[in-house]
Structure formats: C-alpha cells, structure tokens
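So the sequence shown is numbered by the numbering used here: it starts at 1 and just counts up by one.
Where hints are given, some of them may not hold.
[To be verified] Now the in silico label distances, taken between C-beta atoms and shown as ranges:
#1 SER71 with ALA154: 36 to 46 Å
#2 GLY138 with GLU70: 15 to 25 Å
#3 ARG149 with ARG82: 22 to 32 Å
#4 LEU144 with GLU67: 14 to 24 Å
#5 ARG153 with ARG102: 26 to 36 Å
#6 SER71 with GLY125: 38 to 48 Å
#7 LEU117 with ILE78: 28 to 38 Å
#8 ASP64 with ALA157: 35 to 45 Å
#9 GLY138 with VAL76: 33 to 43 Å
#10 SER71 with LEU144: 38 to 48 Å
#11 THR101 with LEU144: 35 to 45 Å
#12 ASN31 with PRO160: 24 to 34 Å
#13 ASP15 with ALA159: 43 to 53 Å
#14 PRO140 with GLY118: 34 to 44 Å
Since the hints were made in silico from the structure, they are not lab data.
Where is the CB? At the ideal position from N, CA and C, for every residue including glycine.
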Amino acid sequence: RCEAFAVLDVACLPDCLREVVTEHTARGGGNVGPALSIAAIIGLEFYLAVLAHANGDDDDQILDALELAESANLVVTIGTDRFAFSHALIANSLVQGLTPTRRATLHRKVAEAYEALGWTETHLGELAGHWREARGEGAPGRALDYTRRAGDRARAALAPPAAPRASRAPPERAAGSYP
1 RCEAFAVLDV
11 ACLPDCLREV
21 VTEHTARGGG
31 NVGPALSIAA
41 IIGLEFYLAV
51 LAHANGDDDD
61 QILDALELAE
71 SANLVVTIGT
81 DRFAFSHALI
91 ANSLVQGLTP
101 TRRATLHRKV
111 AEAYEALGWT
121 ETHLGELAGH
131 WREARGEGAP
141 GRALDYTRRA
151 GDRARAALAP
161 PAAPRASRAP
171 PERAAGSYP
C-alpha cells in the first residue's frame with residue numbers, strides 16, 4: 001500500500017525527470033498521458049469515478065488507461081476504484097508539464113466532477129482546493145464557500161460535545177453546585 005507523499009514544488013523538478021515520466025506515459029499509448037495528467041491534478045490518490053467524469057470518459061475507458069499505467073509502474077491500486085501514483089515525483093512531473101491555463105481548467109473539471117457525483121459533503125477540503133486553483137466565472141466564490149464549509153466542519157469535529165464534558169465532571173459539579 002502506498003503511503004501519503006509530501007507535496008513537492010513542481011517548479012523544482014529537473015527536465016530529465018519529466019522526460020522519463022513522459023516516455024513512460026507515452027508507452028501506454030492512447031489516453032494514458034492525458035488521463036494521468038488529470039489524475040495528477042486530482043492528487044496523489046484518486047478515485048476512478050472522479051477521474052472518468054473529469055476526463056469525459058466512462059469508467060471502462062479510464063480503467064483501461066489505468067491498467068496500462070499500472071503495468072508501467074506509474075500507478076498502483078489501493079482499493080476498489082481507488083488508485084495512487086507509485087511516486088510523488090510522477091504526479092508532480094505530470095502537473096509541471098501542463099501550462100498554467102490547462103492546470104486551472106483541469107482543476108475546474110475535477111471540482112465539477114466531485115459536485116456532479118454528489119461528493120460535496122465528503123470532500124469539502126478537496127473542493128476548496130480545486131476551486132481555489134480553478135479558472136472561470138464563479139471559481140473564487142465557490143472556493144470561498146467550500147473553504148468556509150470545510151473549516152466549519154473541522155471546527156465542529158474538534159468541539160467537544162457538552163454531554164460528555166458534564167459526565168466527566170465530579171458528582172457535585174454535575175449536579176450544578178459549584179464552589
């Protein structure tokens with residue numbers, strides 16, 4: 001199983017590394033390169049459904065591309081319908097190979113894919129990040145909305161509920177008699 005990877009500064013990757021990744025993705029043929037570029041925008045780990053929707057393909061076409069990428073050791077299966085890049089440098093190299101406009105366009109497509117799949121409440125942080133990097137009308141407002149919602153959810157998860165606090169209080173305090 002792959003572990004989480006640190007995010008790297010894409011501007012620091014050497015050209016020779018990008019060339020190696022480009023060569024490996026080209027060996028897969030067809031839509032392997034474009035599919036993996038979108039997957040890299042999604043993140044180091046990604047769902048088949050999000051990738052297929054963002055790419056405008058059905059699951060079978062994307063799965064074919066991912067199986068070719070897996071045989072080239074570019075990605076690994078980490079669960080049912082879930083994949084990860086075999087190394088963070090692969091994903092970062094693919095992102096670096098995109099123009100800023102293409103990156104922003106793909107971030108929007110990925111954010112729209114999460115929304116279309118109805119995965120908004122379970123992926124608020126991801127949506128905030130993709131909308132923040134997206135281009136086009138409404139992107140900044142949507143980024144702000146998802147950022148606020150993600151923050152509210154995180155704050156609520158950290159707030160201890162009142163009932164357990166009261167049940168841990170000494171008996172005299174639980175009854176309401178305070179010194």
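Evaluation of the provided hints:
1. SER71 with ALA154: 36 to 46 Å: At roughly 39 Å between Cβ atoms, ALA154 and SER71 fall inside 36 to 46 Å, so the hint holds.
2. GLY138 with GLU70: 15 to 25 Å: violated, 36 Å
3. ARG149 with ARG82: 22 to 32 Å: holds, 24 Å
4. LEU144 with GLU67: 14 to 24 Å: Given about 39 Å between the Cβ atoms, the range is violated.
5. ARG153 with ARG102: 26 to 36 Å: holds, 31 Å
6. SER71 with GLY125: 38 to 48 Å: violated, 32 Å
7. LEU117 with ILE78: 28 to 38 Å: Taking Cβ atoms as reference, LEU117 and ILE78 lie about 19 Å apart, which means the hint is violated.
8. ASP64 with ALA157: 35 to 45 Å: holds, 39 Å
9. GLY138 with VAL76: 33 to 43 Å: holds, 35 Å
10. SER71 with LEU144: 38 to 48 Å: holds, 42 Å
11. THR101 with LEU144: 35 to 45 Å: Violated: the Cβ-Cβ distance is about 22 Å, outside 35 to 45 Å.
12. ASN31 with PRO160: 24 to 34 Å: violated, 49 Å
13. ASP15 with ALA159: 43 to 53 Å: Holds, at about 49 Å.
14. PRO140 with GLY118: 34 to 44 Å: Distance hint for PRO140, GLY118 is violated at roughly 23 Å.
Going down the numbered hints, you'll see the structure goes against 2, 4, 6, 7, 11, 12, 14, while the others check out.
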